[in-house]
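**Q** So the chains spell out like this:
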Amino acid sequence: MIVARHISKSYRKQRALHDISFQVPEGSIFGIMGANGAGKSTLFEIMTTLLPNFKGELKICGMDVRLHKKEIHQVIGYVPGRFSLYEELTTEENLSFFARIYGCSVTHIHKNHASLWESLSPFAASQTRYLSGGMKQKLAVCCALVHDPAILFLDEPTTGIDPRSRHELWQELSKLRKRGVTILASTHYLSEVNNMDQVLFLHQGEQLLLDTPQRLLDDYDRELVSVTGLHPYKLFTELKNNAKMHTCYLSGKSVRIPLDDQIKEDDIRSFCRNARLTSAVVQRVSPGIEDVFIRHLSQIKQPVTSWK
Amino acid sequence: MEIITTHELGKSFGSLKAVDRVSMFVEEGEILGILGANGAGKTTLIKMLCGTLKPNEGSGQVAGFDIAAESGSIRHQIGYMSQSVSLLENMTVTENIEFYGSIYRMNRKQLTTRWNELQGMVNLGSHRHKLASELPSGLRQMLAFVISVLHSPRLLFLDEPTSGLDPLSRTDIWQQIYRTAYQGTTVVMSTHYLDEAWYCDRLILMENGRIKAQGSPEYLDSLAGGKGLVQLFFMSQP
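Sequences listed follow chains A and B, in order. The first sequence: position 271 = 271 (my numbering), numbered continuously. The second sequence: position 230 = 230 (my numbering), numbered continuously.
By construction, these hints were calculated from the structure, which means they are not laboratory data. A portion of the hints provided could be inaccurate.
[Stated by the list, open to error] Using 25 angstroms as the maximum straight-line C-alpha spacing, the simulated SDA-like pairs for lysine to any residue come out as follows:
| id | chain 1 | residue 1 | chain 2 | residue 2 |
| --- | --- | --- | --- | --- |
| 1 | B | K47 | A | Y130 |
| 2 | A | K234 | B | K47 |
| 3 | A | K253 | B | V122 |
| 4 | A | K69 | A | H147 |
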């Protein structure tokens with residue numbers, strides 16, 4: 001559905017995106033992850049035809065984003081990062097406004113997206129400004145679906161929204177996916193990676209990782225040891241000060257150490273014994289998605305020149 | 001020892017009860033996480049504990065001072081890092097530090113000693129001549145954090161301290177949170193990241209201005225039947 005080849009974009013001297021390439025199959029959820037300023041929103045603007053001035057090639061349903069804006073608008077829905085609703089209009093009015101723009105009817109939403117509309121219908125007559133963040137975002141999704149698009153773009157739909165609403169929003173997105181809608185969503189919540197078929201991880205405009213969540217985990221190329229049982233900071237400083245364990249990092253209350261030729265599990269045990277960290281618990285663990293990202297992030301040298 | 005205690009604390013805005021009869025405590029040196037939906041009352045509660053918002057019901061003590069009558073004294077004991085990072089964008093890292101140092105009424109010697117100590121622990125030193133607006137998001141947040149602990153407060157309030165950061169910057173911030181707690185500062189924070197809720201010593205879950213559940217992450221998880229903390233948000237009575 002979407003083919004991106006060597007996308008680059010600079011604002012004056014500042015590089016926003018550099019050589020991004022990916023493909024999104026029909027009916028899948030494609031996740032874009034990265035910190036604030038990593039280039040997520042720029043990529044969305046390019047994909048939704050709002051930013052034609054970029055290097056590389058981008059096709060949506062076989063159409064070039066620079067040449068077929070109008071046609072592309074008919075097949076995509078876009079939920080931008082900041083709420084795109086008219087705050088002084090009611091829920092129902094917002095929906096019918098967007099429906100009229102596309103020349104379609106609201107009943108389609110009521111019928112085809114019943115579960116999404118069900119949670120909104122009690123607020124049909126309320127001004128949008130009084131809705132919670134989670135409700136606003138559901139309404140924004142409804143508004144983006146009025147013309148039955150084949151592709152839905154969501155730029156950080158769950159940012160600033162509480163865990164329950166986030167969970168519910170992802171359930172709705174999985175339902176859409178099952179009905180064949182292709183979904184591109186960005187987030188910086190690592191836990192949401194589980195909802196995605198593919199994930200693209202952007203770091204300072206560069207493509208750091210691109211794969212399925214499962215393969216990212218499978219490709220983790222080290223045995224991983226977790227040490228717990230003491231105050232995390234005490235444990236971390238003790239371990240970090242040992243030259244062999246300089247790659248260790250804090251993960252919640254545990255310190256994680258990827259093993260290599262320099263350091264084995266037994267070395268860590270004997271270190272803890274010798275350092276009188278008697279209550280330390282050393283154990284093998286399977287890597288999580290956070291470990292994968294940290295491993296890749298710590299391997300690259302932070303390009304200091306990329307910000308001006 | 002308890003550094004914060006509240007008794008039936010409440011705050012209303014018109015007919016809206018933002019915080020409704022909240023009784024809670026925070027032990028000195030612990031990391032307390034406050035969870036809850038948007039509008040559950042987290043920020044209102046934190047503001048009352050900081051002494052920046054007067055309660056209209058109940059009472060509370062922070063670091064031995066009454067939150068209604070002695071809010072000025074409380075403010076000298078605390079550090080606060082808000083969600084919208086309040087840096088001076090057109091000033092360098094060092095100038096930001098100097099500016100906030102003067103607000104905290106630190107003298108030159110105190111400030112230099114403390115800044116040198118903090119530079120040794122965070123990777124800001126090599127960026128000290130850069131403008132705040134030029135820093136990438138991780139370093140901006142780190143600078144805001146350093147400013148909030150510059151005057152070595154007894155109590156530190158953090159409102160979503162890692163929001164919008166990459167995983168590596170998040171662990172950097174958490175390393176500093178743990179260091180601060182290890183040195184004896186009590187930390188009270190709000191977060192939407194449920195994986196980070198597990199990093200706290202104790203949690204308070206708020207709903208409609210009231211405390212819905214409180215306890216260790218393990219305890220709250222057991223209330224949710226071990227199905228993850230997110231389930232607590234769906235339960236009417238955990």
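**Q** Flag every earlier hint the structure violates by its number, smallest first.
**A** 2
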